[in-house]
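Order-wise, the sequence lines are chains A and B. Residues in the first sequence are numbered consecutively from 236, following this note's numbering. Residues in the second sequence are numbered consecutively from 966, following this note's numbering.
Bear in mind the hints are in silico, worked out from the structure with no lab data behind them. Glycine residues also receive a C-beta, built at the ideal position from the N, C-alpha and C atoms. The reader is advised that the hints may include incorrect statements.
Stated by the list, open to error - The following label-pair restraints were derived from C-beta to C-beta distances:
id, chain 1, residue 1, chain 2, residue 2, range
1, A, Asn-619, B, Ser-1005, 14 to 22 Å
2, A, Ile-590, B, Asn-1136, 58 to 66 Å
3, B, Gln-1041, A, Ser-251, 27 to 35 Å
Said to hold, decoys possible - In silico DSS-like pairs for lysine-lysine, Cα to Cα no more than 27 Å straight-line:
id, chain 1, residue 1, chain 2, residue 2
4, B, Lys-1049, B, Lys-1182
5, A, Lys-247, B, Lys-1062
6, A, Lys-243, B, Lys-1062
7, B, Lys-1155, B, Lys-1182
8, B, Lys-1049, A, Lys-544
9, A, Lys-243, B, Lys-1124
10, A, Lys-614, B, Lys-1062
11, B, Lys-1062, A, Lys-544
12, B, Lys-1124, A, Lys-544
13, A, Lys-253, B, Lys-1062
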Amino acid sequence: MGFLQAYKMAVKSIRSNKVRSFLTMLGVIIGVGSVIAAVGFAQGSTKSITDTIQGMGTNLIQISITGRNSNRNVTYEDLAAFAAENSEEITAVAPQVNAAMTVKHGTKNTETSINGTSPEYETIRNVHVQAGRFLLQLDVDYMQKVAVLGTAVVNELFEDADPIGQSVKINGQVFKVVGILEEKENGQTDSQDDQVIIPVTVAQRLGRATVIRNFAVQAATPEAVDSVMSKLNSFLEKIYKDTSTFRVFNQAQMLSTLNNVTGTMTVVLAGIAAISLIVGGIGIMNIMLVSVTERTREIGIRKAIGAKKRNIMVQFLIEAVIVTGIGGLLGVAVGVSVIRFVIGIMDIVPEVYSIPWILLSFGISLIIGVLFGLFPAYKAASMNPIEALRAE
Amino acid sequence: MIHIEDMCKVYRMGDIEVRALDHVSLRVDAHEFVAVVGPSGSGKSTLMNMIGCLDTPTSGRYLLDGMEVSSMNDNQLADIRNFKIGFIFQGFNLLQKLNALENVELPLIYQGIHARERMERAAEALELVGLGDRLFHRPSELSGGQQQRVAIARALVSKPPIILADEPTGNLDTKSGADIMRMLKELHVKGNTIVLITHDKEVAMQAKRMIRIQDGKICDDRAVV
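Using the sequences plus the hints, can you model the full thing?
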């Protein structure tokens, strides 16, 4: 007897018991659906957190010089040369001179964070302009007094007017506004939006800082971060001869800790949902056993006219697998709809559809169909035809 | 065709041994029309199960169409039932969810025959029993006599050498019963070997040979005149 024939028989029997077949499927539908929705929710939360962290700049390594050295200090040029040597692993280096200063425009003024840096800062920290332009190398080289404003500063000083091309005073010096940064935190004060970016050389003179104490370094890939960090450590150690005068740190460590936490969360949620999948499987076994008892006579007739054990077994097994398979597919639809319409529309976390988890939960539902169908199928196949024929 | 030698079947019910068949020897040749009669509990159902390869004997030999059946396993027995024996039961034993055609196709499905040939042969068999216009009726839409004719078509469709009929008229009214018997006689004339099991002497008298069984033993075996 061919597989196709067994399949046809199974479909016939499923269709002649529509309500019961649907109720049987329900366990699998809910099981698969909840696994997908739970994993989608967990991965959505993970995504929203990692997005925030990555928004600060991916592959970012910070260097901060904490001590003093009589001989010499590391300069931007030193690090730029070092970066050029290791250009495979380091994509950019930016100096940072930070100070809190007052910015004035007309009669208005605000205290904000002045960030002296170079054009590389834009890619390293993922800060882009929404209007105007960012710093140029020319601005740094020729010490141009230009400023890129965060939206919090713009809100304080300019109300509705367009600030680009206008001038602001920082510590009494006149700067031309050339760009406005993209908003990251709703333009709140004391956030990333509350800053003014100016060329590093200008900032050094403004703050009378001869030494640059902070650098941001961008590694080419997340994997390169560790190697770049250790190279930076040994490079700086050569200059300072003392590891306590500088510090090299990054955000990858934070990310990996976070990934551990959210990974565990995903597995726990999926595990809880998987239990309902198993309960669904037991439901299938239960119904199939009832069905075997109910169809004892049918099995007897089939055996009397020549069905082998294998034929009966395959018939019942395919029935179980079809029921779980359809249930699984409907479950995938339910899970995806929950992510799309509940999680998506309520905007709790970003919509994330995990294809591996969708395939996995569907696969598990099929396996459950086989496993929990096996026992009833075996029971049916092992029936004694004489006794089965006598059954009412 | 059927060659049973010194066959015993013993059932155990707790401590009591029931000897359903007690050293039975029997020979049925091809093209015979044999009726097995006996009161209930005589062992005729057990004998029918043995001939039908639905059960295996405790001891003794059974040769069917030259093949040693008594030592076969379940799968081999299923094949023998499929290819060698056409069953006709008292209660028709049709699958209620399938129509007449599908019911008749069933033995061919287990032979692995393709759908087209299966349908042709099943339709042909139904034509033969006079149900050519009822192919797509379900058993519940047919009368008892018609249902039994579907069962006969099912028994004939795989062209088995032996037709085994267990009380085929037991659930039918007199007229339908007579119809079925006429059909069996026709089949015999066409060359089928028929073993009929019944407790009804009237029915048994229509066969060519009558075997009477009692307490698990054959007590009488003679030609019907």
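Each hint tested on the structure:
Roughly 21 Å separates the CB atoms of Asn-619/A and Ser-1005/B, a value that falls within the hinted 14 to 22 Å. Range check, Ile-590/A to Asn-1136/B: Cβ separation about 59 Å, and the 58 to 66 Å hint holds. With their beta carbons about 32 Å apart, Gln-1041/B and Ser-251/A fall inside the hinted range of 27 to 35 Å. In summary, the hint linking Lys-1049/B to Lys-1182/B is supported, as the alpha carbons are separated by about 25 Å, within the 27 Å threshold.
Between the alpha carbons of Lys-247/A and Lys-1062/B the distance comes to roughly 9 Å, so the proposed pair stays at or under 27 Å and holds. Restraint check for Lys-243/A and Lys-1062/B: the C-alpha separation of about 13 Å stays at or below 27 Å, so the hint holds. A C-alpha spacing of about 31 Å is found between Lys-1155/B and Lys-1182/B, which places the hinted pair above 27 Å, so the restraint is violated. Proximity of Lys-1049/B to Lys-544/A is assessed by CA-CA distance (about 18 Å); at most 27 Å being required, the pair is judged to hold.
Between Lys-243/A and Lys-1124/B the alpha-carbon distance is near 25 Å, which keeps this suggested pair within the 27 Å criterion. About 22 Å separates the Cα atoms of Lys-614/A and Lys-1062/B, which keeps this hinted pair within 27 Å; it holds. Only pairs whose Cα atoms come within 27 Å are accepted, and Lys-1062/B paired with Lys-544/A is accepted, the gap being roughly 21 Å. The suggested pairing of Lys-1124/B with Lys-544/A holds, with an alpha-carbon distance near 23 Å, which does not exceed 27 Å.
Among the hinted pairs, Lys-253/A with Lys-1062/B is consistent with the structure: their alpha-carbon atoms are about 14 Å apart, no more than 27 Å.
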